[in-house]
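A.B. asks: Okay, here's what each chain looks like letter by letter:
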Amino acid sequence: MFSNNPALYGLTVIIIGVGGCLGYFFLSNLFLDKVLFPASGPNAGRNINRANMIRPWLFLFPALFALVLYLAYPVFETLRLSLTDRDQGGAFVGLANYRQMMDEPKFWEAVQNNMLWLIVVPAISTAFGLLVAQLTDRIRWGNLAKSLIFMPMAISFVGASVIFKLIYDTRPEDQNQIGILNAIWLKLDGGIGSILMLQVLPSILLVGFVVIVASVAWSFVRGIIAKGEDKSVWLLPLRLLVAGGALWLIWVSISSLLGLWIGGLPYGEAQTWLTIPLWNNFFLMVVLIWIQTGFAMVILSAALRGIPEETVEAAIIDGANPFQIFFKIKVPQIMGTIVVVWTTITLTVLKVFDIVFAMTNGQWETQVLANYMYDKLFRANDWGIGSASAIVIMLLVTPILVWNVYNARKEMK
Amino acid sequence: MASIAGKKSALTWAVHISVALLVLLWLFPTIGLFVSSFRTADQISSSGWWAALFPAEQNEVYRAADPDDNRVADGDMFVVKGNIFEGDPRDIRSWGVSSRNVSAYQPGDTAEMKDGESVTLQADGSYVWRGNDKQLSGRGQRIFITATVPPEFTLGNYTTILFSGSGQDNMAKAFFNTLTVTIPATIIPIVVAAFAAYALAWMEFPGRALLIAAVVGFLVVPLQLALIPLLRLHLGIGIGKGYLGVWLAHTAFGMPLAVYLLRNYMVGLPRDIIENAKVDGATDFQIFTRIILPLSFPALASFAIFQFLWTWNDLLVAKVFLIDATGSTTVMTNQIVELLGTRGGNWEILATAAFVSIAVPLAVFFAMQRYLVRGLLAGSVK
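In the order they appear, the protein sequences are chains S and G.
Position one of the first sequence corresponds to residue 1 (the UniProt record's numbering), numbered consecutively onward.
Position one of the second sequence corresponds to residue 1 (the UniProt record's numbering), numbered consecutively onward.
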């Protein structure tokens, strides 16, 4: 009966689920108070204490059970599976899965792309979010504007992928372009305006990016040489990692900068945007940035409102201009929130699957880890490598996990 | 003083304009999809959706009435009179009688053809076709017009997607499947988490701080790790792929956020109320159901919206735990991805399908935005 009528099934499950939960809590409390440790008779006082020791666990049990079975156990089971081979009946194979994965170019492509995503999406989303939060704070229809920019949060990654596929759509030469990006592209003709927009402006942005990356990397690397810095052992790998990542980023930026000027742009030809290596990654990232900016904006806007008025007023009296007030007074005060927003978006990026799956499915060098894992798991049916790549994602998340738990504990004390 | 005031208003204008531009930029993609979902396949493939908002020039072909039935003698010639539009008038820009030159004449002109044959077309579409016996026979004369067509929209795509479409084009079943997944997966975790949150907020027991820290940790554990072990577990204990599995999975995956949000909210409730109730002899169960739950409504609503949006929009969990080989339990996100593969160029189907799946979360979003914002502010780990 249930298999034919999912709605009825769903309703029954709601009633059983909710009723069962309430019933469980009610009856187990009753059992505890009336049968196991009744608050009467010779041992009433001792019984009440015992009942109160057990009661929290009655309240916690269903949630804990779900958390342990569905989140804690899988972490260890995935770790175990990543060390076994399904074809050999689950025999222990040590790190063979990891070694095999490391030999695959597709894996390294996924790692590289994930690194790009990890840097670009949180940075741009947070920057846009901060910009919109600051701008809308000053105008009367700011709430409406915020609400409209926040709206993509409600749209599924799949829905957003369809929306942006329409934007990136390509038609054959002899037809009208119905994708807005190609329609604009065909309007550009290589004149001075096009050069300014497509070569000079991106070059300035890229050079700015390189400078920022280099200065961040330098501030990390300097710690190794300089005196008086914290030279604890566990910081050294972090510093080296940052330096390595920065060098790679600078290399990517400079090579794309050269490509921009040397290659020459194919004006007048409709482009299939999602098949241009490297750039197509950015076209996919735009989707996530479009969704996540609203999130960043909401949180940062609340933080901006929380800034004490006096600090801003004092700066105005001292003659600071609006830009100085924003960058020197406001931003430093909400740095903590910016970090929170940044890490939250980072987590979303690490798990990004739907967008890549729906738009390119990892073709044309757009693979990311989550999609790579899905590929291994359900297409190649290789649970060993699938688990190994899941563990890689877990490792990338772990620093944020530790940081969050550390902060939460500090806050509770 | 005046210069300062002037400067300030210039800056304010700049702010207004840049916010307006940003909002437009953010809305533009969604509007494109929305407009496209109301256009026919021909309209979509002939012009970009932005052109649909304005009147467009369009070439059309009509035929004069069948001369054998309609011709009337006029001296030694014959005449066919009529109106090409038959109740659907257009604004004629120019017209012609040959496919080689479709805009040779203006409305009101007379087209002279071979051997005295002629056609006159008025702006309202009425025509006079004149010729001899041989010329006015067979099929009606073709008339090409270039007309300005006002923006035209249709609900046909929605009819196809929701009712009449067959196979993959029909989203009705997927829509109900999505609802079936979403509603229990939203309600059940709330109940389970609320009890746990109460225990973590208001009951003293050893290990409480550790549990709270663990919940914060679970908040960020990637879903990807849970897929293989849990699928094996579900297959092993006989749940297999189906609704029960996906409900359990969504319930558990939503649990950390639910417990975290609710505990943070409940901790902030006034201690007096709870202690007074205890003094009056209320049990923990009574305190929870009579006092805590009603007071925590805003937090419950925040989480409900999150969980609803997340389960409605989810693709991965449904693909792994729900959709089996028969595909009878497919959800909308999955069907759209399949449509992207099979009907990649049919934007009227794709846009409408996507909009159907987006519409419900958007409605929820605009109706309950307040709670969503509150939840976001409470839920991002500080």
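Accuracy of the hints is not assured; some may be wrong.
What the hints assert, rightly or not - Restricting the straight-line Cα-Cα distance to at most 25 Å, the calculated cross-link-like pairs of lysine-lysine (PhoX-like) are:
id: 1; chain 1: S; residue 1: LYS351; chain 2: S; residue 2: LYS106
id: 2; chain 1: G; residue 1: LYS81; chain 2: S; residue 2: LYS351
id: 3; chain 1: G; residue 1: LYS134; chain 2: G; residue 2: LYS114
id: 4; chain 1: G; residue 1: LYS241; chain 2: G; residue 2: LYS173
id: 5; chain 1: G; residue 1: LYS173; chain 2: G; residue 2: LYS134
id: 6; chain 1: G; residue 1: LYS278; chain 2: S; residue 2: LYS34
Read the hints as simulated data drawn from the structure, not as lab findings.
A.B. asks: Hints first: check each against the structure and report whether it holds.
C.D. replies: Here is how each hint holds up against the structure:
1. LYS351/S <-> LYS106/S: This hinted pair holds, its Cα atoms lying about 18 Å apart.
2. LYS81/G <-> LYS351/S: Not OK: LYS81/G and LYS351/S at ~69 Å, beyond 25 Å, violated.
3. LYS134/G <-> LYS114/G: 12 Å, holds
4. LYS241/G <-> LYS173/G: 18 Å, holds
5. LYS173/G <-> LYS134/G: Distance of about 59 Å is beyond 25 Å: violated.
6. LYS278/G <-> LYS34/S: 18 Å, holds
Hint compliance for this structure: hints 2 and 5 are not met, and every other hint is.
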